[in-house]
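Enquirer: The residues making up each chain are set out below.
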Amino acid sequence: MSNFLKLVLLIISFFFINCKNGKSEKENFAQNNTRDIVISGTMDAELTSPPFVPAPVGNRTAKKLIVNLEIIEKEGVLSSGVSYMYWTFGGTVPGSFIRARIGDEIHFTLSNHPDNKLPHNIDLHAVNGPGGGAESSFVAPGYEKLFSFKALNPGLFVYHCATAPVGMHIANGMYGLILIEPEGGLPKVDKEYYIMQGEFYTPGEIGDRGLQPFDMKRAIKEDPNYVVFNGSTDALLGDKAITAKSGETVRLFVGNGGPNLTSSFHVIGEIFDNVNIEGGSTMNHNVQTTSIPSGGAAIVEFKVDVPGNLVIVDHAIFRAFNKGALGILKVGGEEDKRIYSGVRQEGIYHPEGGTIQEIPISKSEIIETVVKKTLAEKIEHGKIIYNSTCLACHQGEGQGIKGVFPPLAKSDYLNANVSRAIDIVLHGKSGEIKVNGEKYNNIMPKQTLTDNEVMDVLNYVYNSWGNNKTEITSEMVAKVKASM
Amino acid sequence: MGKIFFIFSLLMFYLSNAQSQMETIKKGSFIPLYGAVEAVKINTFEMDVYPVTNADYLEFVKKYPKWQKSVVIKLFADKNYLNEWVSDTIYNVSFKPNSPVTNISWYAAKAYCECQNKRLPTIDEWEYVAMANESQIDARKVKSYNDYILSWYEKPKTNVNEIGSTYKNYWGIYDLHGLVWEWTADFNSIMLGGESRGDGGQDSNLFCGSASIGASDLMNYAAFMRYAMRNSLKANNTSKNLGFRCVK
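Those protein sequences? They're chains A and B, same order as listed.
In terms of the working numbering, the first sequence is residues 986 to 1469.
In terms of the working numbering, the second sequence is residues 19 to 266.
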């Protein structure tokens, strides 16, 4: 082949490659294909409160979709005994879930309740336009604003308030999710839920009681006392745990309102089969923990294989067990020993002899001021301590885990001896015990709780789940402590 | 008996004259949080000690029927105007005579003041008086002062409280914080914009209150929300948490 011919071929191939690149780049922009989708008909959007989501779009055509969202400033429960003045979209944190499909022309009315003190607006990350709608939706109390936008990109998007000071509006709970489904909808699954992480900044310590105000200094330092799912430490615990049956497929729409922290979203005891990274179109598989940035989202899907409680956490783990980022997915149904055996054999492993582990700094050495509390208050406070300290092993309903962690519900061992129970919480316990006919041989470490906290948590335990309602006093705790 | 009657009539005199009580605000200068980068001069003026009350406003609409809710020109007051009043001259039974009147438009507030030979304060005048706490002319950096304002945001339905239920400030003026928002003459002259993050790109000579970027003290978000509130309003709007007072 002559050199000339080679050169010509080279030039042609360059041309060809360039041409191809140019074309594919253009195709990568969603709007080129979706802005021309024709709408037919009008429908009112179904809005749902967390953890629930509206019905899937299925095969419906693109429509004019009417969304009415109301802003309500209202007091709610951040944690047992702790209340907070939330600013909300639709009366909940996170705000109502909005579900639309690509090509929908969304007519969005944002109304600001007359009792509210402040103007607000909304920035939907699903909007292509200045401020994501914020500019067109800035609305004084007692008024409403209507604007419309066409859903051009599929995905799971965050919406939030963007009124000055923006960080404060978000920190007070003004965020939620809007899902834009692709044509034909997302693949069918058995269960879908809506979870959104957010932080709360209050001046005192976690658990300080009563109405807690917002603390701007802490927010600027990015030092939250609460990191929670769905606006409260208890939003996905106890009766409010989300549920599924073994063998079912579960899809979680997970958002992160922030305002500051990135979530390391993880479900203890489950592997995500599919993750729509950042709520976009890239699908990852077999994921243990997915990163969800502040102002971002992800869709995670998995099949629940065996019954039991799956614990939903931010795997920046102090946030989970110390600041509230904890939820439960309760899986019912038949066990499958091939997938998870449960305990097959147990023994004690003591590399450094049989001492009980101890965390070096003991809070119980800090002198506490005596506070007079009613039994109801003790129980309420005890519940918070239980949820952050005991729940991981003894479980949400005190049911424990058969053969591993003894039950506290209707527990003969517990009810037989109050001093022994106090002693175990104060000093830990190892060796074989028998609870409700079942043998347990495990180690419970000494708990770093103050005397008052020991009193409160035991009052909660003794007054829950069919136990004998013994009232524990601080004197009883002090007596057990002194006898050691 | 006579003594009791005397005290009672004194009290009635006090209440009926609440609207006419004014205090002198001595001239001075200050740098407002938004709207100016250099000190603004304030001339001596007089300000109402309390916001205008339901009773005051009832008297006004009786005297000037064109401001009654059924006949008011819609251009000057939208349909929320006095919206909890039962009729043109009867306010809701749950209202206290001495609570601040709210759901008043800017036009209505302006007309009220003019009928008393007074006027609405400018933003700068209002802010100048409102930056005082009980003992200092400028308490904007005092923690308790800002905490008080912020805690108000978390208290629902303060508009039903009576005038004088908050603190008396350095100038002898009550209720600038903690009761209701108040109209000012030039309420919409400082543009924070509906989109409060991108305003830094606007012409800063015209819009120098450009959100957090233009704020002289980032921490003073207590005041920030007051400017944002003013900014969200149109002159014919009314709000349940928005009243007014006059100056001259």
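Treat the hints with care, since some could be wrong.
Below, in silico cross-link-like pairs of lysine to aspartate or glutamate (DMTMM-like), each with a Cα-Cα straight-line distance of 25 Å or less [unchecked claim]:
#: 1; chain 1: A; residue 1: Lys1315; chain 2: A; residue 2: Glu1168
#: 2; chain 1: B; residue 1: Lys175; chain 2: A; residue 2: Asp1175
#: 3; chain 1: B; residue 1: Lys87; chain 2: A; residue 2: Glu1129
#: 4; chain 1: B; residue 1: Lys175; chain 2: A; residue 2: Asp1100
#: 5; chain 1: B; residue 1: Lys173; chain 2: A; residue 2: Asp1175
#: 6; chain 1: B; residue 1: Lys252; chain 2: B; residue 2: Asp106
By construction, these hints were calculated from the structure, which means they are not laboratory data.
Enquirer: State for each hint whether it applies.
Expert: Here is what the structure says about each hint:
1. Lys1315(A) to Glu1168(A): Not OK: lysine 1315(A) and glutamate 1168(A) at ~32 Å, beyond 25 Å, violated.
2. Lys175(B) to Asp1175(A): violated, 44 Å
3. Lys87(B) to Glu1129(A): holds, 21 Å
4. Lys175(B) to Asp1100(A): Satisfied, since the Cα-Cα distance of roughly 7 Å is no more than 25 Å.
5. Lys173(B) to Asp1175(A): violated, 43 Å
6. Lys252(B) to Asp106(B): holds, 23 Å
In this structure, the earlier hints numbered 1, 2, 5 are contradicted, and the remaining ones agree with it.
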